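Colleague: Keeping their order, the protein sequence lines are chains A and B.
Count along the first sequence starting at 1, add 539, and that's the number in our numbering.
Count along the second sequence starting at 1, add 539, and that's the number in our numbering.
Rather than coming from a laboratory, the hints here were simulated on the basis of the structure.
Just to be clear, a hint being listed does not mean it is correct.
Any copy will do: because identical chains look the same in the list, a pair fits if it lies in one copy or spans two.
[Claimed, not checked] With a Cα cut of at most 30 Å, we get these calculated DSS-like pairs of lysine-lysine: (1) Lys-928 / Lys-791; (2) Lys-593 / Lys-549; (3) Lys-929 / Lys-791; (4) Lys-709 / Lys-722.
Being a predicted model, the structure only gives us computed values, none of them experimental.
Residues per chain are reported as follows:
There are 2 protein chains.
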Amino acid sequence: MFEKNSSVQKAEIIIIGNEVTSGLIQETNSRYLGDRLHSAGIGVSRITKVGDDKDEIALAVQEALCRVGIVITTGGLGATHDDITKTVLVNLFETELVRDEKVLRHLQAFFKSRGKEVPQALTGQCDVPASADIFYNKKGTAPGLLFHRNDKRLYALPGIPLEMEHLFEKYILPAMASSIKTKIRHRILKTTGLTEASLWEMAGPVDRLEEEVTVASLPSHLGVNIRLSTFDEDMNAIENRLDKAEASIREKIDSYVFGRDGDTLEGVVGENLLKKSLTLGVAESCTGGLISHRITQVEGSSAYFLEGAVTYSNPAKENRLGVEPGLIERHGAVSREVALAMARGIRNASGADIGLSVTGIAGPGGGSEEKPVGLTYIAIDDETGSRCKKFIFLQDRIRNKERSAQAALNLVRLWLMGIPL
Amino acid sequence: MFEKNSSVQKAEIIIIGNEVTSGLIQETNSRYLGDRLHSAGIGVSRITKVGDDKDEIALAVQEALCRVGIVITTGGLGATHDDITKTVLVNLFETELVRDEKVLRHLQAFFKSRGKEVPQALTGQCDVPASADIFYNKKGTAPGLLFHRNDKRLYALPGIPLEMEHLFEKYILPAMASSIKTKIRHRILKTTGLTEASLWEMAGPVDRLEEEVTVASLPSHLGVNIRLSTFDEDMNAIENRLDKAEASIREKIDSYVFGRDGDTLEGVVGENLLKKSLTLGVAESCTGGLISHRITQVEGSSAYFLEGAVTYSNPAKENRLGVEPGLIERHGAVSREVALAMARGIRNASGADIGLSVTGIAGPGGGSEEKPVGLTYIAIDDETGSRCKKFIFLQDRIRNKERSAQAALNLVRLWLMGIPL
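Chain A on its own, in the form it takes in the complex (with noise of 0.2 Å):
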């Protein structure tokens, strides 16, 4: 819906730099624009990503000003041999260097503060387009620059997150939000136990949500967020159709939605516990303590989570939380009952109110034919009973762990919100 309005004003991002072609560093510059750009209600139709190449450099830069009215640029202003952006934007847009005493005052105050000199190779970053407005840059050496062609705008950026941050924050966001009336606002719910296809199903046909909203929806291997998304001049009327959109969804699905925005499944846990004043222990075996890690993420955890044992070998299992023996011979360390023998072990010895327990197969060795690699029980045990869930996980070690950790958190939070497993 956003995407179709074509009143929205469009913008594009340019990319520079070898080292994000080449994939030498995973770049984070156009998703943070992106983001932020969207929110304010500015549509961005294109990225692209160039390398340290002056003639395709030039070219990306033309052709996004042919098409949108405002370009941003990340990266090629340092002061090495490498960084060219400044010099291909002079010719492009047909004007000279010149010293700039303010960039010069700039440098020798930020080097100050570290009780440095300016280095040499740094006083190229003085010489900026005699045409341009300059951005000084307070978190380093090279100031942003602002070129004009007609009533379009071609913003240049340097490439360090910290201080692309900094002065798109500072300058120049200010300046596009105060000239848009209309915002635009996302809400996120997050789903999981459910695939996007079969989400979908249960919640019903989007086009139906799609007359008052934008529906995105994001699949992973934990869960299937959903993108809520609108725009108006009237923040009410915002908020309203997205409530109502949520309602419609929840109302078919309400039960695999365990948050908003940016909750997480780990602290929404924790907040249930919080608000029962419960206390929470956790046996993993095939997880490897990633269901301990990821409680223990979330500030304050310390207040319900008592402990976690990961309890790999046979012995911590038995030493560790009390499981018989003879219940590991006869069933296998990866069964129901040993699940559930975890679970109440774990919260005996931690002295927690509910126990949490995880045994399964994570690969990519140890499967057989009766006990496939990805084989996993969640068991969970409290003062009112105990529960045991079954699962196959189909995808590697790593992707199986996660998934695992994923359904044990959220069988949690099914179980203290009464939900039947």
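With chain A held as given, fit chain B onto it using these hints.
Modeller: Frame of chain A; chain B shown alone:
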């Protein structure tokens, strides 16, 4: 160096999806493909990202096919309403969709192994462009497609990284690599324990190395990766140059280099434990399970990893590890004394040869003037003795956990190699 070699074959990558241009997700396929193509000796001259808009997609594909001989697209091959890449390409290459029974059989097998029927919504995946070569996808439901126009090739791959990587590695890369004479090879030296600045101070000037190889250094909060690159038609010449550069760097900073290329610190620690037939038990407080999680990411880690104890609460430290309550009272849970007692405790409890422990204040709460956020003690204990190191990490909770886990694993590595801590 490689970029200046004009005889190198060029490719472009096109990433398709509103979730990418709007910054909803951090897209990683273009980095993966850029890196893999670059390593195979194919230069990536441009990466373009466009939204789910048929005109934008068609334009981007046509432009790319004008400029280079190889174009790879990812995304938009799923079965939901906004997946339009296949339709766009069918029009562009003037072909039509035909039902492919082999895709249908693939889908049926894919879902059968998960105990399910093929959802109605996915049957469209069996309709493929008549003129395209089909790459059957074992990891998902969308097949990959190869279109030919004169001597140019367009590969369309699904956007889910697991599926994209599977099809690229299995079908596309082998075919490309066999046709290329000039080989480019990289070697990455992975270091931890030094900042980028101190690393190059110790290792000496890069210029000296750059006569024979290109050097790039990539810092993160966990260490610095050094990438050495060179190209030649003769693989021996390549290997010799890389060996020489590596030796020259290692001469100065050998104990900080923990591995090469795909090595992980947890993998290197595991190899060293296996080689010495030693077992490990881990007691974690502030890292919350992350060390055990990392160790168990390695296939076969059950051979040397016996047990992890995530002793978040003080009672857990006492009951699980036998840490004296008086010790915690006198010195506090975050202290050299408690770290050493935890390492000894997990060694005794698990029966492992080596006990490793971490106790610290991850933050943001829990700090004091005497014991600030980030204060961390890491201890190791075996039959030959014990040692404890103190660190102060000055980042946020999540990075403090990551740095603590990295430092702890590195301590085990140095201990096993007999390098003084």
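Colleague: Hint by hint, say whether it matches the structure.
Modeller: Structure-based check of all given hints:
1. Lys-928 / Lys-791: Within one copy, since 23 Å is at most 30 Å while 54 Å is not.
2. Lys-593 / Lys-549: both (25 Å within a copy, 16 Å between copies)
3. Lys-929 / Lys-791: So Lys-929 and Lys-791 pass the 30 Å test inside one copy only (24 Å; across, 53 Å).
4. Lys-709 / Lys-722: Answer is within: at 19 Å inside a copy they meet the 30 Å cutoff, but 45 Å across does not.
Consistency note: the structure conflicts with none of the earlier hints.
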